[in-house]
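Q: With these hints in hand, go ahead and build the complete structure from the sequences.
Protein chains: 2
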Amino acid sequence: MSKGFTLWFTGLSGSGKSTLAERMLAEFRERRLKVEILDGDVIRTNLSKGLGFSKEDRDTNIRRVGFVADLLTRNEVICICACISPYRSIRDENRALIGRFVEVWTKCPIEVCEQRDVKGLYAKARAGALKGFTGIDDPYEEPAAAEVVCETDRESVDESVAKIFAAIRRLGYL
Amino acid sequence: MSKGFTLWFTGLSGSGKSTLAERMLAEFRERRLKVEILDGDVIRTNLSKGLGFSKEDRDTNIRRVGFVADLLTRNEVICICACISPYRSIRDENRALIGRFVEVWTKCPIEVCEQRDVKGLYAKARAGALKGFTGIDDPYEEPAAAEVVCETDRESVDESVAKIFAAIRRLGYL
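Residue numbers (our numbering), protein chains in the order written: chain V, 1 to 174; chain W, 1 to 174.
Among these hints, one or two may not hold up.
Where chains are identical, the list cannot tell them apart; a pair therefore holds if satisfied intra-copy or between any two copies.
The list that follows gives simulated cross-link-like pairs (lysine-lysine, PhoX-like), each with its CA atoms no further than 25 Å apart [unchecked claim]: (1) Lys131 with Lys55; (2) Lys49 with Lys131; (3) Lys163 with Lys55; (4) Lys3 with Lys131.
Source of the hints: derived by calculation from the structure; they are not laboratory data.
A: This is the structure we're talking about:
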């Protein structure tokens, strides 16, 4: 039983947000905790249709994810969010709204993300076929005080998961 | 304790959706049940910014409300939705998605809604200042099999509330 909290993954495309989010989802489910995930696919399909990649649209999108995460968190559900969420002020707005907020920064040099390029997006962005790509021609504001920093180019998924659990327990959310 | 369900109000502007939704919210809170409300204001502010009143945008909006209602319902929260939701097929889509779905039709002749005109919207629509207004120059598809029909021009709020509670109990959701 958990009182509910939001586990908010932020980081560049390819930095490992989804991998860790999916792993945490499985961990929570195994413990029979109430958990929902709002990741890129879920958000694009169900929440952000019609929004683009301008700063204003990105902010609207992230606020919307925060709104839903808050609804779940305050009803004792763990909500895992995995979105680039490049702007610090909007992440902090969600932190203030939600309260029980664990920010996980998947920190990874852009060169490594670009090398992974799982979805081929960096190649497209470099070719100019994608405009406003975070880290290339759009900013990523690094977290100043994330609860967890996972250096995904240096640590294993298991190590990252252990760090996340340690933070959640330290905060008394589990 | 409730297993969670969605109480979905549909009807013309001015037909009494918000009045009944607010009353039910208070009733559930009094019983210390987990409950959230997604009404016009909440939706416009937090979910539907950027959407207009075309059929496509209305459908996207109602699907989005259904997505959030489903997240809450499946986590044992009562979710009250109050939106015109003029198209039957999308309401039924949400019904199929959510499962535990109680449709409440606030049935009221448009002449009465227009006479009430609490927000002055009918006057604007008649003057042509609002285009695509449901009931005036945009369709409202009446429910074929709503769990509850509240004839808000003929019955008191208390009578409507009693009918809604009866339906919820009959369905075994409370």
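Q: Give a verdict on every hint.
A: Hint by hint, here is what the structure shows:
| no. | hint | result |
| --- | --- | --- |
| 1 | Lys131 with Lys55 | within (12 Å within a copy, 30 Å between copies) |
| 2 | Lys49 with Lys131 | both (18 Å within a copy, 23 Å between copies) |
| 3 | Lys163 with Lys55 | neither (31 Å within a copy, 47 Å between copies) |
| 4 | Lys3 with Lys131 | neither (41 Å within a copy, 46 Å between copies) |
The structure is inconsistent with the numbered hints 3, 4, although it conforms to all the rest.
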